[in-house]
Amino acid sequence: MVQNRKKLIDLFIGNISNSIVHKILEKAIDNKEIVNKYIKEQNVSLEIAKRYREKINPANTILPHRDVVYIKNRIKNKVKAELTLRISKGYKNINLELVEEMVNKVLKDTTIA
Amino acid sequence: MELVSKISKGTKMDQIYLPKNRRGFGIGEYVIVKPLETRKVIEKPFFYNIKHIEPIKTDIVMEILNIINNITDRYENIIITGSFLDEGFNFNDIDIIIVTEEKLNEKYIKKSIEDTIKIKTHIIILNNKVLIEGLSIDPLYQMMLSRCITKKRFIFKVKYKINYKILDLHLLKSKLLIDNFDYLNGNEKYYLTRNMIAIFLYIHHKKVNKEIVDKEIGKLFNIRDIQEIKQNILNKDKFLKVYKKIYNNIFNKIMENIKRGAE
Numbered sequence: 094m095v096q097n098r099k100k101l102i103d104l105f106i107g108n109i110s111n112s113i114v115h116k117i118l119e120k121a122i123d124n125k126e127i128v129n130k131y132i133k134e135q136n137v138s139l140e141i142a143k144r145y146r147e148k149i150n151p152a153n154t155i156l157p158h159r160d161v162v163y164i165k166n167r168i169k170n171k172v173k174a175e176l177t178l179r180i181s182k183g184y185k186n187i188n189l190e191l192v193e194e195m196v197n198k199v200l201k202d203t204t205i206a
Numbered sequence: 010m011e012l013v014s015k016i017s018k019g020t021k022m023d024q025i026y027l028p029k030n031r032r033g034f035g036i037g038e039y040v041i042v043k044p045l046e047t048r049k050v051i052e053k054p055f056f057y058n059i060k061h062i063e064p065i066k067t068d069i070v071m072e073i074l075n076i077i078n079n080i081t082d083r084y085e086n087i088i089i090t091g092s093f094l095d096e097g098f099n100f101n102d103i104d105i106i107i108v109t110e111e112k113l114n115e116k117y118i119k120k121s122i123e124d125t126i127k128i129k130t131h132i133i134i135l136n137n138k139v140l141i142e143g144l145s146i147d148p149l150y151q152m153m154l155s156r157c158i159t160k161k162r163f164i165f166k167v168k169y170k171i172n173y174k175i176l177d178l179h180l181l182k183s184k185l186l187i188d189n190f191d192y193l194n195g196n197e198k199y200y201l202t203r204n205m206i207a208i209f210l211y212i213h214h215k216k217v218n219k220e221i222v223d224k225e226i227g228k229l230f231n232i233r234d235i236q237e238i239k240q241n242i243l244n245k246d247k248f249l250k251v252y253k254k255i256y257n258n259i260f261n262k263i264m265e266n267i268k269r270g271a272e
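Chains as they are written, first to last, in the working numbering: chain P, 94 to 206; chain G, 10 to 272.
Calculated from the structure, these hints are not laboratory results.
Certain hints may be false.
Stated by the list, open to error - When the alpha-carbon atoms are kept at most 35 Å apart in a straight line, the in silico DSBU-like pairs for lysine-lysine are as follows: (1) 166/G to 116/P; (2) 100/P to 182/G; (3) 116/G to 15/G; (4) 169/P to 170/G; (5) 224/G to 143/P; (6) 228/G to 168/G; (7) 129/G to 253/G; (8) 182/G to 116/P; (9) 112/G to 129/G; (10) 198/P to 169/P; (11) 170/G to 173/P.
In this text the structure is predicted, and so the values were computed from the model without any measurement.
Chain G extracted, bound-state conformation (with noise of 0.2 Å):
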């Protein structure tokens, strides 16, 4: 004998009635209530070069994924990327690429996702010609989305082009950390400098992803751990003199290929 029924709510506890002519369920006897509707289950996203992760940082992915799952199935993937990857939990937000090429209720969604969640999030949504364009070009989404889970499989294969006026933009980003340099958290310095050397990778056509900007950054400034930069505990003077010559070599590097490309 099975019965539905719904959950009322009663002043001191909440009840589920039973009607009075039924078979079974007798007075005394000691019945199951568990949910009729079950959590829907969502296919298993995939990880693109996540070594480890903790689960609770799956939990919430896997939430967000539903949350934007339950608004809307009119997009192509959903990409988590950025710092909420990292080892441990010292990330500002969670940045969330959806590609559609429908017109979306972004803040609508930022607000479903954070007033679940209780983290902030960074939306952004393309349409994936202007996500292929942008890994092309950009060697900074290269290197956000090299390390990312998606809800679909994320295959891309891009022509790199390189567009030295956005390159110049990215790098002129990099330049706070010459003016600022006492001014800066550990996070801020090293999100500058890695700005700095992923552009510098890209315009010697070298691959730019996380591992390797860190390598890179290790192997230039002559740094044992990146969490010296993280930790903000760098010599000043010397890094600083490596940063200026690194900074001006690509800014001279990026104004002759402008040039070059303005004839």
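Chain P with its partners taken away, still in its complex shape (with noise of 0.2 Å):
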């Protein structure tokens, strides 16, 4: 059981991550009005991401401080990892500095901060 939530909360660390970065990229994005009319549409990663929230407990209210800053760190590491791949490719306009709002925007709306 205790395996069982810590592999859920794997699964959203890792796909409010993927949510974080696909947010990020689209501000990276020149063509607005495409982002904005269908783009936000398919960013499915977010709504997989609270599939798995409703299924660790407690479901209702905020996770013990532990749990919140194993995630926060988990989210923060795997977004800027994700992030620096592309700068390093060449990826020009990321804003790293959105990352520890995003991260705190998106704990707080999945109630787990």
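Two chains, two separate frames, one set of hints: put the complex together.
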């Protein structure tokens, strides 16, 4: 059961990180009209992450502090790694300063913290 | 002798009253009662690359077109697309694109349709410019619109402009399959694989439509029938090995081009 919870948390982290990377990359695209019209509708990671969140106990209140710290750090590292990989390959206009703010927001929205 | 009258509500039965002073319609005579207003005949929609569709789906499409038409006529076209048009009834919702230059009340249209047909819908309202732009830069839009039913004739000729940053965003979605293989159902796996292969074909300047993508999936993953993915009966190790290789290959190609574009 404990392992199952850990697996769910890991899956939540993976999907929510993907969703944040998606949001930051959206901001790096020049054609805002296209992004606004339909790219946003296709961000499925957040929906999958929410599905996992519902299965992590406590489902309706915030998680214990130890879990919050673990989840927050893992998400931040994952997002930064994914974005840094792109920057290292020559992708310009990625704003790494958005990471902290977006992670905090998403943790609040999903009642993790 | 014809008589126009209104049906009124009764306690046990509803009725139509006839005036006492009339010619004809004598007591005891049999009459035919039929509605005065017949259902508006809507012109036949256009089917693109649809070899087979269940008659009930055609009725649903007609109903949708009718509902939208009753709400507004300020549109250039209505396009029905997505998994609803696949054979069978294994679809989540009906994708409806309304092409218009006007600002329409999306929520009201959605509610009106869903209240009538009792099926979830996904409504996208966009103008012609965005639609054409989407078609020219997005392989998924091309794939989606390669198979559709439209209210009016739908012909598009677009210049392909590959936008690698947008492709990167689309490809990111398919990364989910690598970490969530055991937790995704067959349809989700199929959707993410199809997404990745559509991008693969697109960056190799190949035509993208559902049949071509399905065929390519079969070839690349050595799968005889695409149903193997949908039914979730894949060999995980074998499938993921090929999947990761293709994913990395596409990712590197996209990054090379983003870098080239930035220089």
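Structure-based check of all given hints:
Between the alpha carbons of residue 166/G and residue 116/P the distance comes to roughly 31 Å, so the proposed pair stays at or under 35 Å and holds. Note on residue 100/P and residue 182/G: the hinted pairing holds, with a Cα-Cα distance of about 20 Å set against a maximum of 35 Å. At most 35 Å may separate the alpha-carbon atoms for a hinted pair to count; residue 116/G and residue 15/G meet this at roughly 34 Å. Restraint check: the Cα-Cα separation between residue 169/P and residue 170/G comes to about 34 Å, which is no more than 35 Å; the hinted pair holds.
For the given pair, residue 224/G sits about 33 Å from residue 143/P by alpha-carbon distance, which is consistent with the 35 Å threshold. Taking the CA atoms of residue 228/G and residue 168/G, the gap is near 28 Å; set against the 35 Å cutoff, the hint holds. Taking the CA atoms of residue 129/G and residue 253/G, the gap is about 34 Å. The hint holds against a cut of 35 Å. Among the hinted pairs, residue 182/G with residue 116/P is consistent with the structure: their alpha-carbon atoms are about 12 Å apart, no more than 35 Å.
The hinted pair formed by residue 112/G and residue 129/G meets the criterion: a straight-line CA distance of about 22 Å does not exceed 35 Å. A distance of roughly 12 Å separates the Cα atoms of residue 198/P and residue 169/P; the hinted pair therefore holds under the 35 Å criterion. Our distance criterion of 35 Å between C-alpha atoms is met by residue 170/G and residue 173/P, whose separation comes to about 29 Å.
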